[in-house]
Structure formats: structure tokens, C-alpha cells
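S.K.: Spelled out from the first residue to the last, the chains are:
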Amino acid sequence: MATVNQTEQAHQISVSILRQGAYLIASIHAALDDEELGRFQRDLIRQITKSRSRGVIIDVGALDVLDSFGSCTLRNLALMARLQGAVTVIVGIQPDVAFAMVHLGIHLEDVHTALGLEEGLARLDELTGAGGARSARGSA
Amino acid sequence: MGIEALADRQLTGGLAELPALIRRVVASRIRDANAIDDLVQETLARVMTAQARLDDSALAPYAVVVARNLLSAQWRQDVRFKQHAHRLIDLTDASRPEDQVLQREESRAVASALAQLPEGERQTLIAHEVEGQATSDLAAKSGSTAGAVAAQLHRTRAKLRVEYLLALERTRLPTERCRPVLLSLSGGERRRQRELDAAGHLLECPECAGLSGPLLDRLDGHPEGEEAIIAVRSDRDVVRARQRGREIAAQIDFSSTDLTLIATAISEVVRNIVRFADHGQLRVRVIEDAARRGLLIVARDVGPGIPDVDRALRDGYSTYGGLGIGLPGVRRLMDEFSIASELGKGTTITMAKWVHA
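In order, the protein sequence lines correspond to chains A and B. Read in this note's numbering, the first sequence has 134 at position 134, and its numbers run on one by one without any break. Read in this note's numbering, the second sequence has 3 at position 3, and its numbers run on one by one without any break.
Mixed in with the good hints there might be a few duds.
To be verified - A few chain A residues that face chain B, going by a derived Cβ cut-off under 10 angstroms, partial list only: (1) His29; (2) Leu32; (3) Asp43; (4) Phe69; (5) Val97; (6) Leu115; (7) Leu117; (8) Glu119; (9) Asp125.
If you are wondering where the hints come from, they were derived from the structure by calculation, not from laboratory data. Note that the Cβ used here is the ideal one computed from N, Cα and C, for glycine as well.
My request is simple: use the sequences and hints to build the entire structure.
M.R.: So this is what it looks like as C-alpha cells:
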């Protein structure tokens, strides 16, 4: 597992992007403001091309709020990734956050989601029709 | 009051005309355009804070009274500033002995106000507020119910506030109507306000007009209650505001789901300020009525205003390329929600969530 973007340190504390085989695993560790969210979006899209990734996991388990702007950014990210031939799965949306999102009227129907990282990787395997991460991890 | 009632009032009631009315009152007394804007927004924010406790017919008269009070406070401040402009010291530090006198005055006023209460009510209030006995325990002792005790405590507090202010300001009430009117305002009893024509009385009686401000625009009795004021200038403030709001909300018994709903609602309204207005502020505080506690959130901005409030409250309407959520979504997250907006001047959103038992 290699850490990507080690040179860009500005917001590495709140965000990490790791490569695992043909997949990228991006984790958001703390609440991001709009600018940081935008930078995260750009970094991840560039990294998809650079790593020739076929799948992306975005782990939002540490977020206590996903408002309309945050959700919109995630959805756009998934759409951009798709244009590059990569599938995105968002994992870790907390129960309270899911409740708030639905009440607010956010529908992420066109984005794949999974409960946690394990489920997300399994989902990516299904969606890409291959064991990209499985083979890289060397175990099933 | 439910969301629907508030929505109806927003669409049909007199609130829409309030900004223009307030502006007329303010503009007739001062000239500085910026000061006028500030005072109109401040007045709106205060009226909307008091809205839940006021009968509809009283909103406009109350707005006039608040605007007048703010104007005279502003004038006093200006005069004080001019008088002391040549001094280069911080006046707040120089006033220590005065502070002590003020403190003595306040405790005298509290003692005098407590003495005005009927014996039984005084004992219950002290048992609850000072000794910390739960309403359920008090109910068991008196053979009553917790709800009835809470309602009685609410009325007692309303009385105490009135008596405290009267003692503090050393005010003599000129008419027999004054005390009942003040009590109905303090307790937020809308029906009683209508019966007494409290609104009409406020316009006639300068003493009651002066006291109505602190009675209606108050930090409610929660002992740890504090008001957080968060200045909003950049998108960084969105995260800061919702985190601060969540902290305040966590002081009372909200479920974790409600805390998330509140933080999300704050995030949305503060982001609106950042997107559409130059700057603004968010105020968050704990409030309480007869039987429950809640959180009051007031978001104010100095911005372009919303051209069509009705439309902005309809689902699917969005002024920027978001998900078309905006205000209708926020309204669903909260228990109470209202907007006052004035084109070219600014928008004030007032919303509340109650702790559900």
C-alpha cells in the first residue's frame, strides 16, 4: 500500500488518498471547509489518471455532517471519476448523517454506497467485474 | 406552533410588511443609511426572536417599540462616545466600582422581586432552581403532576421577571392595565395578550414599552444558557458555526440524531450567507417555554435579500447549482422556521428545534 500525494502536505491531516492495486482509497478524517473539499476533489481526480485506477472508495465515516454542498461535491466527484472510467463507492455514511440527508432532501441515487470499507471493496470488485484489490491484497 | 402554522404566517401574515414599517420608523429619526440598515436588521431579529411569545396582532406594534428602544440606545451610545472621545483609556476597565454598585442593585432587585411572589410559588421556584429538585419530585410532594408543576414554574418565572425589572428600574406602573399586560408578555400567553390588547397598550404606555424589550428579547432561564454569536465572513465559518451550534445544543438533552439535524441546518443557512451576502452572523442559544427546552438559531445577513420568499421556500428551487434543496430542506430539519427578507438590505432566518421527550 503506497501513500500518494506525500508532497502535498497542506491538507494531508484531514484527508488521505491511498493506492491499493487498481483502486484508490480516499478517507476524509475531519470536517472540510468548501475550499478544502474542492482541493480534495481536484487531487482525487488527478490521482485517478495518474494511478490508472478503476475504482475509488471515498470513506466519509468521520464526517458528522453532509450538507447539500458536501453531497453535491461527492456526487460530482463520482461523475468525474466515471468519465475517467473509474467506479466510485462512498462508504461510512453515519446513521444520523443519513437521516439528516434524507430529511434535507439529498438523494444520492446515482452514486454507489456501502456500509464500510470491506463492503465497499467487495462492491468495487462486483462493479468492475474483477478482483483488483483482492489480488493486490493477496487474499480473499 | 408547528412548521405549517409558521409557514402560513410567513406567506399570509403581516411579517412581510414589517421591514418596510420598521424602516419608516427608523428612517424618520436617523439619516445614516448604514445605521438605518443595521437597526432595521437588529429590530427584525429581535421581533422574530420574540415571535413565538407574541400574538400575531402584536408583532407590528412590538416592532415599532423595539425600533424606538434601539434608536434611543444608539443615541445614548453616540452621546457617550462623543463625550469620551478625547479619552484614550478603555472605559470598560475604568468602571469597576460602578460594576459593584450594579451588582448590589441587582441582588437587591432579585430579593425584592422574590418577596413579591406568593409564598407557595416562591418555595417551589427556589426548590427547583436553587436546590435543583426535579419537577417530578415536586409534583409527588404536592400531589400534582410534573407537567402542572412545570407550567406553574413557568408562570412564576414570568412574574419574577416582571417584578425584578420593576425593582431594578424603580419603575412605577402608571395604569392598572400595565402589570397584567407585562405578565402576559413575560409568560408568552398569546390569548391573554389579545384579551388585554397588549399591543395597543405598548404603543400608549412608555413605561411598558421600555420594559417589554428585556421581557421579550431575553436569554431564557436555563442556568447554563449562553448565546453564541458567530461572525460569518468566509466559507471557513460554515464549519466553525455548525460545530459551535452543536456544542450549544449538546448542553440540553437532544438526541444524537437531532444534534446532526441541527448542525446540518446551520451548515445550510450559514453557507447561504457566505454565498449570497457579503457577511452576516449566526446566533445560537438555549430557549425554554412552558414545558420544554429547545435551541433558537437566528441567521442574519447584510446582503441582497431574497426576491421571492414564497418561491425560495418551494421544493426544487435553488439559486445556485446545488441540488435544488436550500431552504425547504432546512425547514424540514427544524421544528420552527421563518424568514424575513428585504430586497437590497438583508435576510433574517429564525429557526428552532425542541427537545422531544
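S.K.: Work down the list of hints and note, for each, if the structure agrees.
M.R.: We went through each hint and held it up to the structure:
no.: 1; hint: His29; verdict: 14 angstroms, violated
no.: 2; hint: Leu32; verdict: 8 angstroms, holds
no.: 3; hint: Asp43; verdict: 18 angstroms, violated
no.: 4; hint: Phe69; verdict: 6 angstroms, holds
no.: 5; hint: Val97; verdict: 6 angstroms, holds
no.: 6; hint: Leu115; verdict: 18 angstroms, violated
no.: 7; hint: Leu117; verdict: 22 angstroms, violated
no.: 8; hint: Glu119; verdict: 22 angstroms, violated
no.: 9; hint: Asp125; verdict: 30 angstroms, violated
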